[in-house]
Amino acid sequence: MATQRGPNDRLRVLLDEARWTGGELARAVNAVAAESGLDLNYRRASAAQWLSGGCPRPPVPELIAEALSRELNRAVTPSDAGFGTDCPSGDEGGLVVPEQLGRLAESTSRRNVLRYSAYRLALLTVPVLPESAAGLPPVKRPAGTIGQAEIEAAGTALRLFSATDCALGAGAARVALADYLANTVSPWLRAGGVTPDAHRELQSVAAELAYLCGFMCFDDELHGPAQRYFRAALRLAAEAGDGLRYAMVLRVMSVQARALGHRQHAWRLAETAMSSAPAETPQQAKAFLLGQVAVAAASVGDRERATTALAAAERALARAAGTSSVIGAYHYGSLAYQRAATNAGLGDKTGAVKALRESIRLRPLGEYRSLAITQARLAELSLDGGRIDDAVAAWNRFLDIYPTVRSGRTRSALRTLQARTRSHQRISAVKKLSARASALQGV
Numbered sequence: 423m424a425t426q427r428g429p430n431d432r433l434r435v436l437l438d439e440a441r442w443t444g445g446e447l448a449r450a451v452n453a454v455a456a457e458s459g460l461d462l463n464y465r466r467a468s469a470a471q472w473l474s475g476g477c478p479r480p481p482v483p484e485l486i487a488e489a490l491s492r493e494l495n496r497a498v499t500p501s502d503a504g505f506g507t508d509c510p511s512g513d514e515g516g517l518v519v520p521e522q523l524g525r526l527a528e529s530t531s532r533r534n535v536l537r538y539s540a541y542r543l544a545l546l547t548v549p550v551l552p553e554s555a556a557g558l559p560p561v562k563r564p565a566g567t568i569g570q571a572e573i574e575a576a577g578t579a580l581r582l583f584s585a586t587d588c589a590l591g592a593g594a595a596r597v598a599l600a601d602y603l604a605n606t607v608s609p610w611l612r613a614g615g616v617t618p619d620a621h622r623e624l625q626s627v628a629a630e631l632a633y634l635c636g637f638m639c640f641d642d643e644l645h646g647p648a649q650r651y652f653r654a655a656l657r658l659a660a661e662a663g664d665g666l667r668y669a670m671v672l673r674v675m676s677v678q679a680r681a682l683g684h685r686q687h688a689w690r691l692a693e694t695a696m697s698s699a700p701a702e703t704p705q706q707a708k709a710f711l712l713g714q715v716a717v718a719a720a721s722v723g724d725r726e727r728a729t730t731a732l733a734a735a736e737r738a739l740a741r742a743a744g745t746s747s748v749i750g751a752y753h754y755g756s757l758a759y760q761r762a763a764t765n766a767g768l769g770d771k772t773g774a775v776k777a778l779r780e781s782i783r784l785r786p787l788g789e790y791r792s793l794a795i796t797q798a799r800l801a802e803l804s805l806d807g808g809r810i811d812d813a814v815a816a817w818n819r820f821l822d823i824y825p826t827v828r829s830g831r832t833r834s835a836l837r838t839l840q841a842r843t844r845s846h847q848r849i850s851a852v853k854k855l856s857a858r859a860s861a862l863q864g865v
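Each residue of the sequence shown is one higher than the last, beginning at 423 in our numbering.
Treat the hints as calculated values from the structure; they're not laboratory data. Take these hints with a grain of salt, some might be off.
Computed list of lysine-lysine pairs in DSSO-like fashion (alpha-carbon distance at most 30 Å, straight line) [said to hold, decoys possible]:
1) K771 x K853
2) K854 x K776
3) K853 x K776
4) K771 x K854
Could you put the whole structure together from the sequences, leaning on the hints where they help?
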């Protein structure tokens, strides 16, 4: 920990404004860090060091600023909190998208700085597309040309990365996709000598690639970088005037917010996604958006909106024709999973279990990560209902798939399995399950 000159009066003023003790600040920082997969155990003594002039290593100044921002309901930067410019925050600030993609690539490999950048609630305030697109400054592009060949190549890469992620989880391709965005797509976005139509087409594909990279970070529970990739995808979609892709990104931001417990934000993002979608949105994509509205509404206790949106999603999917897009792939197995989440959010765990079983039955066999996560969720709800045998069976099916997938979410599901079964070790089947799970730890 570096030491500044004299006590940190700025941090003291903010702490007084928040009416927090040093211990409360430390606990809030730990909670913000946990959202980005960082296990911190700061206590009152750590806050005392910060107040006396100590500057913790990045990304802790950013985590402190985010904790204070949430409590004070206004933006607080690391500099505002007295940590100056020597403690970088990992924020992308006013960088244009190509520069953002280059910097974000570092977040997939730099363990102590950008990799664990904070998930920021302030970045969840997003307008509908027409407002977002208005007034965007033109991007200055140097000499160089791109054409249909580059756009088609980016589309091919998108399909390859998406298929790999869907089958094997984020760990199989996340770093490679980040490098591709930074070193291949970013220069194309900067290139001159391209028609406006071709540039907008490239921006739309780039938005999908950034969305996918953000989702991979989400799957690996790197929520700060995930959020920043989603923001880059939003900007690309807005610059391209692509309302459908813009809405898709808002939807996944809602998914992430709900996963982290920010339910009101998740609900607002899901509704904004629906408002941003163009009138000609395909039925399959409309069902995809409506399903998340149902899940998010259920999470805030809005039963009427949740059930209405879910029924609308079912009708839209029934009317859908053709195959789903690469981003926003949606089928009846996906719908059943959202029905399960909606039922669980409304307190109907029996209905949730039934829907999860339907999701498993309907989901394509190649979607190993989704199958693993669904089996794990089915096991948890079965255990909640006292059906230990059903829980063990589902967790064993989860373990069948586990070695195939490289995903932070499945690793967390394995830890949940071990924690939830600890008090049932006297049951032979549970003891065998636990031993099997322990053998897979670290795989």
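Pair hint K771 and K853, alpha-carbon separation not exceeding 30 Å
holds (26 Å)
Next pair to validate is K771 with K854; report whether the Cα-Cα distance is within 30 Å.
Cα-Cα ~27 Å, so holds.
K854 paired with K776 [C-alpha distance capped at 30 Å]:
holds (26 Å)
Run the distance test for K853 versus K776: straight-line Cα separation, threshold 30 Å.
Between K853 and K776 the Cα gap is close to 26 Å, so the pair holds against 30 Å.
Consistency with the previously given hints is maintained throughout, with no hint failing.
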